Amino acid sequence: AQSVTQPDIHITVSEGASLELRCNYSYGATPYLFWYVQSPGQGLQLLLKYFSGDTLVQGIKGFEAEFKRSQSSFNLRKPSVHWSDAAEYFCAALTGTASKLTFGTGTRLQVTL
Amino acid sequence: EPEVTQTPSHQVTQMGQEVILRCVPISNHLYFYWYRQILGQKVEFLVSFYNNEISEKSEIFDDQFSVERPDGSNFTLKIRSTKLEDSAMYFCASSVLGNGYTFGSGTRLTVV
Chain L
177 AQSVTQPDIH ITVSEGASLE LRCNYSYGAT PYLFWYVQSP GQGLQLLLKY
227 FSGDTLVQGI KGFEAEFKRS QSSFNLRKPS VHWSDAAEYF CAALTGTASK
277 LTFGTGTRLQ VTL
Chain P
262 EPEVTQTPSH QVTQMGQEVI LRCVPISNHL YFYWYRQILG QKVEFLVSFY
312 NNEISEKSEI FDDQFSVERP DGSNFTLKIR STKLEDSAMY FCASSVLGNG
362 YTFGSGTRLT VV
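For the record, the sequence lines run as chains L and P.
Under the working numbering, the residues of the first sequence are numbered 177 to 289, in order.
Under the working numbering, the residues of the second sequence are numbered 262 to 373, in order.
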């Protein structure tokens, strides 16, 4: 079955430290891949997306993600985390033939000062 | 930047009552969706809508749920007889080609 896995439920990093959030997908073909961020009580904001081409994708707020076909991964990174980055991060995927997004379970990021 | 607008932001209803959640998708988008997120859980697909009909629905989207695009701008989700387990954040989304989603800020539904 098609699925998206985020192995880390909760991550804590210090402000200024680097961040990597993991995402793995299980699809027959390479899906379109997305990262969303959700602040408490808020909606889902798109950080970045990968459809094809360059495997390193730049997004908003200084985030980037790298698609690795060999590892079925699409990990989100940020070189220096800010306290305002504390939120829930969701990886999501869909295939070209499907219209629905499949979300991972999310990773809650806590930033310590 | 164009937005998907959802109203109300929070709705409290009694069990067994009907609720209608409203959404105004981005004007040139053709695909419309409802997702929900039960507190502390992941976001789940409910239904997709294209060309004035449902294109796909999940197991969650049973006979108690319906969607409608009553005019050229609104997209609604109706729950006929709410249950406690319907309490969740409901997100509307729209896209142009089915793969560039924009989500609304959500409606928090509380069933008491």
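If you're looking for bench data, these hints aren't it; they were derived computationally from the structure.
Predicted, not measured: the structure shown is a model, and the values here were computed from it.
Cβ coordinates follow ideal geometry from the N, Cα and C atoms, glycine included.
Among the hints, a few may not be true.
Lysine-lysine pairs mimicking DSS-like chemistry, simulated, CA-CA at most 30 Å apart [to be verified]:
#1 L/K244 <-> P/K303
#2 P/K303 <-> L/K225
#3 P/K344 <-> P/K303
#4 P/K344 <-> L/K225
#5 L/K237 <-> L/K225
#6 P/K344 <-> P/K318
#7 L/K237 <-> P/K318
Beta-carbon label-pair distances, calculated as ranges [claimed, not checked]:
#8 P/Q275 <-> L/T288: 41 to 49 Å
#9 P/V373 <-> L/G217: 43 to 51 Å
#10 L/T231 <-> P/G277: 49 to 57 Å
#11 L/T271 <-> P/L291: 14 to 22 Å
#12 P/V373 <-> L/I185: 24 to 32 Å
#13 L/Q247 <-> P/T274: 26 to 34 Å
Partner residues aside, some chain P positions facing chain L, computed with beta carbon under 10 Å [as the list claims (entries may be wrong)]:
#14 N289
#15 Y294
#16 Q298
#17 K303
#18 E314
#19 E317
#20 S319
#21 F326
#22 P331
#23 S348
#24 M350
#25 Y362
Self-check item: Pair hint L/K244 and P/K303, alpha-carbon separation not exceeding 30 Å
Solution: 24 Å, holds
Quiz prompt | Per-residue hint verdict: P/Q298, partner chain L, C-beta under 10 Å | solution = At about 8 Å, which falls below the 10 Å cut-off, the nearest Cβ of chain L leaves the hint on P/Q298 intact, so it holds.
Practice problem: Report holds or violated for the interface hint on P/S319, using the least CB-CB distance to chain L and a cut-off of 10 Å. | Solution: Constraint on P/S319 satisfied, holds at 8 Å.
Quiz prompt | Distance restraint evaluation - P/V373, L/G217, Cβ atoms, bounds 43 to 51 Å | solution = 19 Å, violated
Self-check item: C-beta pair P/Q275, L/T288: status relative to the range 41 to 49 Å that was hinted
Solution: With Cβ atoms ~42 Å apart, the hint holds.
Quiz item: Are the Cα positions of P/K344 and P/K303 separated by 30 Å at most?
Solution: Holds: P/K344 and P/K303 sit about 19 Å apart, inside 30 Å.
Exercise. Mind checking the CB of P/P331 against every CB in chain L and telling me if the closest is under 10 Å?
Key: 21 Å, violated
Quiz item: Do the beta carbons of P/V373 and L/I185 sit within 24 to 32 Å of each other?
Solution: This hint holds: roughly 29 Å between Cβ atoms.
Quiz item: How about P/Y362: closest beta carbon in chain L under 10 Å, or not?
Solution: 6 Å, holds
Exercise. Indicate whether the distance between the beta carbons of L/Q247 and P/T274 respects the range 26 to 34 Å.
Key: 45 Å, violated
Quiz item: Close enough to count: is the Cβ of P/S348 nearer than 10 Å to one in chain L?
Solution: Hint on P/S348: violated, closest Cβ of chain L at ~15 Å, above 10 Å.
Quiz item: Can the restraint linking L/K237 and P/K318 be considered satisfied, given a maximum Cα separation of 30 Å?
Solution: 33 Å, violated
Going through the hint list in order, the structure does not satisfy hints 4, 7, 9, 13, 14, 18, 21, 22, 23.
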